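Protein chains in written order, with this note's numbering: chain W, 1 to 185; chain D, 1001 to 1167.
Simulated from the structure, these hints should not be mistaken for lab results.
Quick caveat: nothing in here was measured; it's all calculated off a predicted structure.
Be aware that a few hints might be false.
Cross-link-like lysine-lysine pairs, in silico, DSSO-like; alpha carbons within 27 Å at most [as the list claims (entries may be wrong)]:
{"hint": "1", "chain 1": "D", "residue 1": "K1054", "chain 2": "W", "residue 2": "K7"}
{"hint": "2", "chain 1": "D", "residue 1": "K1138", "chain 2": "D", "residue 2": "K1048"}
{"hint": "3", "chain 1": "D", "residue 1": "K1005", "chain 2": "D", "residue 2": "K1089"}
{"hint": "4", "chain 1": "W", "residue 1": "K19", "chain 2": "D", "residue 2": "K1093"}
{"hint": "5", "chain 1": "D", "residue 1": "K1015", "chain 2": "W", "residue 2": "K108"}
{"hint": "6", "chain 1": "D", "residue 1": "K1100", "chain 2": "W", "residue 2": "K108"}
{"hint": "7", "chain 1": "W", "residue 1": "K19", "chain 2": "D", "residue 2": "K1054"}
{"hint": "8", "chain 1": "D", "residue 1": "K1156", "chain 2": "W", "residue 2": "K55"}
{"hint": "9", "chain 1": "D", "residue 1": "K1015", "chain 2": "W", "residue 2": "K5"}
{"hint": "10", "chain 1": "W", "residue 1": "K7", "chain 2": "D", "residue 2": "K1100"}
{"hint": "11", "chain 1": "D", "residue 1": "K1138", "chain 2": "D", "residue 2": "K1043"}
{"hint": "12", "chain 1": "W", "residue 1": "K108", "chain 2": "D", "residue 2": "K1156"}
{"hint": "13", "chain 1": "W", "residue 1": "K19", "chain 2": "D", "residue 2": "K1089"}
{"hint": "14", "chain 1": "D", "residue 1": "K1054", "chain 2": "W", "residue 2": "K108"}
{"hint": "15", "chain 1": "D", "residue 1": "K1015", "chain 2": "W", "residue 2": "K37"}
{"hint": "16", "chain 1": "W", "residue 1": "K19", "chain 2": "D", "residue 2": "K1048"}
{"hint": "17", "chain 1": "W", "residue 1": "K19", "chain 2": "D", "residue 2": "K1005"}
{"hint": "18", "chain 1": "D", "residue 1": "K1100", "chain 2": "W", "residue 2": "K19"}
{"hint": "19", "chain 1": "W", "residue 1": "K90", "chain 2": "W", "residue 2": "K68"}
{"hint": "20", "chain 1": "W", "residue 1": "K37", "chain 2": "D", "residue 2": "K1054"}
{"hint": "21", "chain 1": "D", "residue 1": "K1054", "chain 2": "W", "residue 2": "K97"}
{"hint": "22", "chain 1": "D", "residue 1": "K1145", "chain 2": "W", "residue 2": "K108"}
{"hint": "23", "chain 1": "W", "residue 1": "K37", "chain 2": "D", "residue 2": "K1100"}
{"hint": "24", "chain 1": "W", "residue 1": "K19", "chain 2": "D", "residue 2": "K1007"}
{"hint": "25", "chain 1": "W", "residue 1": "K53", "chain 2": "D", "residue 2": "K1156"}
{"hint": "26", "chain 1": "D", "residue 1": "K1054", "chain 2": "W", "residue 2": "K5"}
{"hint": "27", "chain 1": "D", "residue 1": "K1100", "chain 2": "W", "residue 2": "K32"}
{"hint": "28", "chain 1": "D", "residue 1": "K1093", "chain 2": "W", "residue 2": "K108"}
Not everything, but these chain W residues come out facing chain D in the computed CB check (under 10 Å) [claimed, not checked]:
{"hint": "29", "residue": "L18"}
{"hint": "30", "residue": "K19"}
{"hint": "31", "residue": "G24"}
{"hint": "32", "residue": "F25"}
{"hint": "33", "residue": "F27"}
{"hint": "34", "residue": "S80"}
{"hint": "35", "residue": "S104"}
{"hint": "36", "residue": "A105"}
{"hint": "37", "residue": "E106"}
{"hint": "38", "residue": "N109"}
Backbone N, C-alpha and C fix where the C-beta goes; we use that ideal spot for every residue, glycine too.
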Amino acid sequence: MIFEKTKLDGVWVVKPELKGDERGFFFRNFAKEEFAKNGIDYTIVHINRSFNKTKGTLRGFHYQEAPKAEDKLIQCFRGSVYDVVIDLRKNSQTYGKCESLTLSAEEKNMVLVPKGCANAFLTLEDDCELQYLVTEGYSPEHERGLRWSDPFLGVTWPLATPVVISEKDANWPLVDRANPPVVEL
Amino acid sequence: MEVTKTKLEGVLLVKPDIYADFRGSNVSIYNDVDYAAAGIPVKFVEDKISVSVKHVLRGIHGDPGTWKLITCLEGSIYLVVVNCDEGSKEFGKWESFTLKDEERLQVLVPPMFGNAHVVLSDHAVFHYKWSEYYHPEKQFRYYYKDPRFNIEWPVKDPILSPRDAQP
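With these hints in hand, go ahead and build the complete structure from the sequences.
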């Protein structure tokens, strides 16, 4: 596995070390000890999958409040998505900043979204399937969201308006600038 | 160092010994005596470096006479080696390797094998030793998506030279 840092501390891009031949390919998708070698303690509690039929589907932004904050490793098995991570961690030097990247089935890359960061993605083609390796269980009362288009976040999406978005995601309240969301870990 | 065979006849994978401490690391990536003793008695005459940015793909290139020893000095690359000897029963057989700077795996590529690599990191430095001087007229080239090889590439739309983009 290849670990690459991003401009947000604790947000990593993890790429596979693919071994290919005429049969196809093989790679190790998750190895706890390789994460440990990079100083990341990662214990998977849930494995979730999402499938999105239509190009231009947007899911997010989502995160869980402490003490149910979660780390997520997100990977696209089919198709490709534009993924955005927002730093909401208290006292983080990059609070409010975002990192964006493309996850694709060809690249088999993953993004590590750590506790206290929110995540959203927009599908770049039809029939996109994603997997999340999560370190905390789902907790509806700790679930929070941000509106994808909130000017407070200043995210530039590759599409002006999503084609498909849930009622819930379209209507997350806009950030109160006097009292912006902060995750205290 | 540790030298292992691969699925391709004559293609070897070399794992050098890396000495690391708080300052960084130190590694020998070629020594004529040690490499000959480890089964690589090749006399190299030239060293080359190519620097590429993320998703640049170079190849598939080769020639009938040159042995090459490939190392990734910085960043990470996905390297493919393919048997390009059209008279061989093994023609088209290929294998891929991921080379990254922290590990410094090396791949020995014999004559008549083509090699190609695509850059996975933001930028990569690709180093190879050649056993012959470069003669453009002896070079062969195959398209990276040649349907006879059906190679798995971890990048959808790589950046190619006009020559390498020719099917």
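Hint-by-hint comparison with the structure:
1. For a cut-off of 27 Å, the pair hint linking D/K1054 to W/K7 stands: about 17 Å separates their Cα positions.
2. Of the supplied pair hints, the one linking D/K1138 and D/K1048 holds, its CA atoms being roughly 18 Å apart against a limit of 27 Å.
3. A C-alpha spacing of about 19 Å is found between D/K1005 and D/K1089, which places the hinted pair at or below 27 Å, so the restraint holds.
4. Our distance criterion of 27 Å between C-alpha atoms is met by W/K19 and D/K1093, whose separation comes to about 14 Å.
5. The hinted pair formed by D/K1015 and W/K108 meets the criterion: a straight-line CA distance of about 25 Å does not exceed 27 Å.
6. Taken as a hint, the D/K1100 and W/K108 pair is honoured in the structure, with Cα atoms around 17 Å apart against an allowance of 27 Å.
7. With a C-alpha separation of about 19 Å, the suggested pair W/K19 and D/K1054 falls inside the 27 Å cut-off, and the hint holds.
8. Among the hinted pairs, D/K1156 with W/K55 is consistent with the structure: their alpha-carbon atoms are about 17 Å apart, no more than 27 Å.
9. Straight-line distance between C-alpha atoms of D/K1015 and W/K5 comes to about 25 Å, which keeps the hinted pair within the 27 Å bound.
10. For the suggested pair W/K7 and D/K1100, the alpha carbons sit about 21 Å apart, so the restraint of at most 27 Å is met.
11. Straight-line distance between C-alpha atoms of D/K1138 and D/K1043 comes to about 19 Å, which keeps the hinted pair within the 27 Å bound.
12. With a CA separation close to 11 Å, the supplied pair W/K108 and D/K1156 stays within the 27 Å bound.
13. At roughly 22 Å between alpha-carbon atoms, W/K19 and D/K1089 fall within 27 Å of each other, so this suggested pair holds.
14. Proposed proximity of D/K1054 and W/K108 is supported: the alpha carbons are some 15 Å apart, at most 27 Å.
15. With a CA separation close to 19 Å, the supplied pair D/K1015 and W/K37 stays within the 27 Å bound.
16. Distance restraint check for W/K19 and D/K1048: the Cα-Cα separation of roughly 25 Å lies within the 27 Å cut-off, and the hinted pair is therefore satisfied.
17. With a C-alpha separation of about 14 Å, the suggested pair W/K19 and D/K1005 falls inside the 27 Å cut-off, and the hint holds.
18. At most 27 Å may separate the alpha-carbon atoms for a hinted pair to count; D/K1100 and W/K19 meet this at roughly 13 Å.
19. Proximity of W/K90 to W/K68 is assessed by CA-CA distance (about 15 Å); at most 27 Å being required, the pair is judged to hold.
20. Straight-line distance between C-alpha atoms of W/K37 and D/K1054 comes to about 25 Å, which keeps the hinted pair within the 27 Å bound.
21. In summary, the hint linking D/K1054 to W/K97 is supported, as the alpha carbons are separated by about 24 Å, within the 27 Å threshold.
22. A C-alpha spacing of about 19 Å is found between D/K1145 and W/K108, which places the hinted pair at or below 27 Å, so the restraint holds.
23. Straight-line distance between C-alpha atoms of W/K37 and D/K1100 comes to about 16 Å, which keeps the hinted pair within the 27 Å bound.
24. Straight-line distance between C-alpha atoms of W/K19 and D/K1007 comes to about 11 Å, which keeps the hinted pair within the 27 Å bound.
25. Taking the CA atoms of W/K53 and D/K1156, the gap is near 21 Å; set against the 27 Å cutoff, the hint holds.
26. A hinted pair counts as satisfied when its Cα atoms are at most 27 Å apart, and D/K1054 with W/K5 qualifies at roughly 15 Å.
27. A hinted pair counts as satisfied when its Cα atoms are at most 27 Å apart, and D/K1100 with W/K32 qualifies at roughly 19 Å.
28. Under the criterion of a C-alpha separation no larger than 27 Å, the hint pairing D/K1093 with W/K108 is consistent with the structure, at around 23 Å.
29. For the restraint placing W/L18 at the interface with chain D, the shortest Cβ-Cβ distance is roughly 6 Å, inside the 10 Å limit, so the hint holds.
30. With its C-beta approaching chain D no nearer than about 6 Å, W/K19 sits inside the 10 Å limit, and its interface hint holds.
31. Interface restraint check for W/G24: the shortest CB-CB distance to chain D comes to about 7 Å, inside 10 Å, so the restraint holds.
32. For W/F25, the interface hint holds, since its Cβ comes within 10 Å of a Cβ in chain D; the closest pair sits about 5 Å apart.
33. Interface hint at W/F27: satisfied, since its Cβ lies 8 Å from the closest Cβ of chain D, which is below the 10 Å cut-off.
34. Contact between W/S80 and chain D, as hinted, is supported at the beta carbon level, the nearest pair being about 8 Å apart and thus within 10 Å.
35. Contact between W/S104 and chain D, as hinted, is supported at the beta carbon level, the nearest pair being about 6 Å apart and thus within 10 Å.
36. A least Cβ separation of about 9 Å between W/A105 and chain D falls short of the 10 Å threshold, and the interface hint therefore holds.
37. Given the 10 Å rule on beta carbons, the hint for W/E106 holds: about 4 Å separates it from the nearest Cβ of chain D.
38. At about 8 Å, the closest approach between the beta carbon of W/N109 and any beta carbon in chain D falls short of 10 Å, and the interface hint on this residue holds.
Hint violations for this structure: none, all hints satisfied.
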